[in-house]
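Engineer: Single-letter residue listing:
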Amino acid sequence: MFARAARLVHQAAALPKRPLLDLANKQHGHLRNSRFLCYEAQRPLVFDVATTEEFEEHVLRSTIPVIVDFHADWCGPCKMLGPRLEQKVQGREGAVLMAKVNIDEAGDLADEFRVSAVPTVIGFQNGEVVAEFQGMIDDDQIDEFLDQVADVPAAEQ
Amino acid sequence: MECPAGDKASRTSSPGRFSRFFTSIRERVVARVDTGASNRRTGAVASTAGAMAPRAARLGSSAVPISAALTTIAKSPAAVVYSESVQHRLEEYVNLLRGQEIENTVVVHVDEDARKDFQKLTLRDNWPLVYVKGDCVGGLEEVNKLVANGQLKSWFQEHQYDLIVIGGGSGGLAAAKEAARLGKKVACFDYVKPSTQDTTWGLGGTCVNVGCIPKKLMHQGALLGGSIKDAKKFGWKFPEGEITHNWKTMRDAINDHIAGLNWAYRVQLREKNVEYVNSYATFVGPHEVSGKNKKGVVTNYTATRFLVATGLRPKFDATIPGCKEYCISSDDIFSIKYSPGKTLCVGASYISLECAGFLKGIGLEVSVMVRSILLRGFDQQISEKIGKHMEAYGINFIRGCIPTKIEQLEPKTKTAPGRLLVHWVSIDAEGKKTEHSEEFNTVLYAIGREPQNVDVKTDVVDIELAKSGKIVARHEQTSVPWIYAIGDILEGKPELTPVAIQAGRVLARRIFQGNYELTEYDKVPTTVFTPLEYGCCGLSEEDAIKKYGQDNIIVYHGAFKPLEYVINEDRIENNHCYCKLICVRNQEERVVGYHILTPTAGEITQGFAIGLKLGAKKRDFDRLIGIHPTVAEQFTTLTLEKKEGEEELKVEGC
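In order, the protein sequence lines correspond to chains F and X.
1 is the number of the first residue of the first sequence in my numbering; add one for each residue after it.
1 is the number of the first residue of the second sequence in my numbering; add one for each residue after it.
Check before you lean on any hint, since a few could be wrong.
Stated by the list, open to error - Not the full set, but computed from the structure, chain F residues with beta-carbon under 10 Å of chain X: (1) 47; (2) 72; (3) 110; (4) 115; (5) 117; (6) 133.
Note that these hints are calculated values from the structure, not bench results.
A virtual CB, placed ideally from N, CA and C, is assigned to each residue, including glycine.
Kindly generate the complete structure, drawing on both the sequences and the hints.
Structural biologist: This is the structure:
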């Protein structure tokens, strides 16, 4: 978990135009988007989920849309897709969150969602599946997918 | 259907009795339609014992074909199979079962010929023959034993599953999936106890994790090194400098693939509705297993039937100091993260030779220590040729010895194998002993494999084991009638993945559907993936001589050079490729043994094996026209007869 947090900070720092959002610090008055004042905003944008309980709390009960990346260490396409998804999610600045589920460590979760191939990415809104894809997709398709999950109206795309 | 007590002689036509009689006819008609009778025999597939009044018996109980009998048995709570010669004993059997409150015991009448089929199918002489819930029990004695120890009662209790498979390897998974396909409720327990070096792995068993799959991939990795040398002679340009091999790259790629397979099997079980329990199962009752997983969660499941497919693990020699503590086995070699370095393979099994082969192929220094002969059980002429090839390949053979002690000079770390000092004694022709010792980075023990399932023989179930610890069975049925066994754990059968898979599927269909199907364990083709591969099917020359007599055997053979290798004169394989067909003279030279030592022997042998299965004669091989240029075509033009005491065959020009 710490390595992940470290990586996220590093990634965020590497993105030149986007200010580093200190979501944990409520004292920042100049947070741009009021959505961040709700309690989910205290979590990082990208986080690991390993148990059914964590999934229920941080994905199903999240008021912000969440995409769940089911991945595995031994899966080549996962290793390529994962970082690109994370970057894109960071770019949405809190409009959508990302949960990462390692299917070898969280086999029960993978079984529950009948994940058969990896990577499988499922988008949730208010506890319901709104979009899903399997395998590698290109950047444009990732944008479309995130638009769908974050409910961005067609005109804005 | 109710069986009214003791009214066999009654012919009163009370309505109740009439309706039973007519139901009985309806059953018989339906049953006849079901079996699609090409057999013109009429009538009763079975009648419930109670309705078998003398009148019904006269009308209905003609003998039925065995296929119909087996299907009925598979569906009945209990069945007694008989033929006319033992009809007089039927009552005793039926009464015994009825006395145990087994409703709807069915009697199945077959003819005397079918009796032989039943004996072949069950490997039991009892007649009449009793089945309980589709499992063959035997005769009165066996049933009485089950009554006495209360196991008959627990057999008839409600169980959660139709089948629990213990062992998620090649055999277990195949059987579980087939049973689920037939609509049965199945659970599969799989748990890997760590190796002596603490290695574990996921679902899929030995073949997927520490056997066939990684072995073949590493064998391929090693062979590619040789191909690079060939490539240069064919004009490919390589950058200057030595071409080296990185162990970790190969190891990671292979292990990622295996992890993908572990996952795929999990998904498959889920999709086919087999419940997967990642726990070590032990019998806690005649129909109950208990398993505790890594997190300490205990699962207790009951089932009508069980299948033990727990396989084998590498043997070590506890009498040799340092053997278990410092040596690795095939459980470890495929996943170690650092190169094994200079390696000693102890053992003459195909595991030892295959591992030695690919380790040498990727550029390591390798020795093989052999107590006596190579590849016991395989054709010895070919086995010695393999040894000669491996020596020419650069592997050092230490023959006629075993280690006496293994000392650790430097422990292994996370990134390096450490150093071991191996001591052994050699004895020359005069009996003089010499002590030797040599340093190695890794010692791999491959002296055989043994069962490690002591838990199947407990107070609650007493499964008969052979001296080897393997399970003794009658066509996969253990000494406990509702417990079956397949795969490597089964005594007397080839230890091969495809054998286990076939056995699993055939068994599921036989016990759940009553199919008249047995696994054919003979003429199973196989291949040893040493650097020069050895494919074979049927008998070795020694076994053929033993079975048919030296004078009745004729061997046709040939030595050859694969065309792909002629450009590179350094290819040592050019002096070692060989093949032979072993034929029986007085059976029109029927081919009983097929052997080939060549690259890609596995791919070649598979096809020819069908010929042996169909009883091909030498002249059939001669009628067949070869594909040119291949190595396999050798078998279509074998004319040289092997003679005793002649010189080793040399390759001739094309």
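Engineer: All hints are to be evaluated individually against the structure, with a verdict given for each.
Structural biologist: We went through each hint and held it up to the structure:
1. For the restraint placing residue 47/F at the interface with chain X, the shortest Cβ-Cβ distance is roughly 23 Å, beyond the 10 Å limit, so the hint is violated.
2. Below 10 Å, beta-carbon pairs count as interface contacts, and residue 72/F has one with chain X at about 7 Å; its hint therefore holds.
3. For the restraint placing residue 110/F at the interface with chain X, the shortest Cβ-Cβ distance is roughly 8 Å, inside the 10 Å limit, so the hint holds.
4. Among the interface hints, the one on residue 115/F holds; its C-beta lies about 8 Å from the nearest C-beta in chain X, closer than the 10 Å criterion.
5. Hint status for residue 117/F relative to chain X: holds, with the closest Cβ pair at about 8 Å, below 10 Å.
6. Violation of the interface hint for residue 133/F is found here, the shortest Cβ-Cβ separation to chain X being roughly 18 Å, above the 10 Å cut-off.
The earlier numbered hints that this structure contradicts are 1 and 6.
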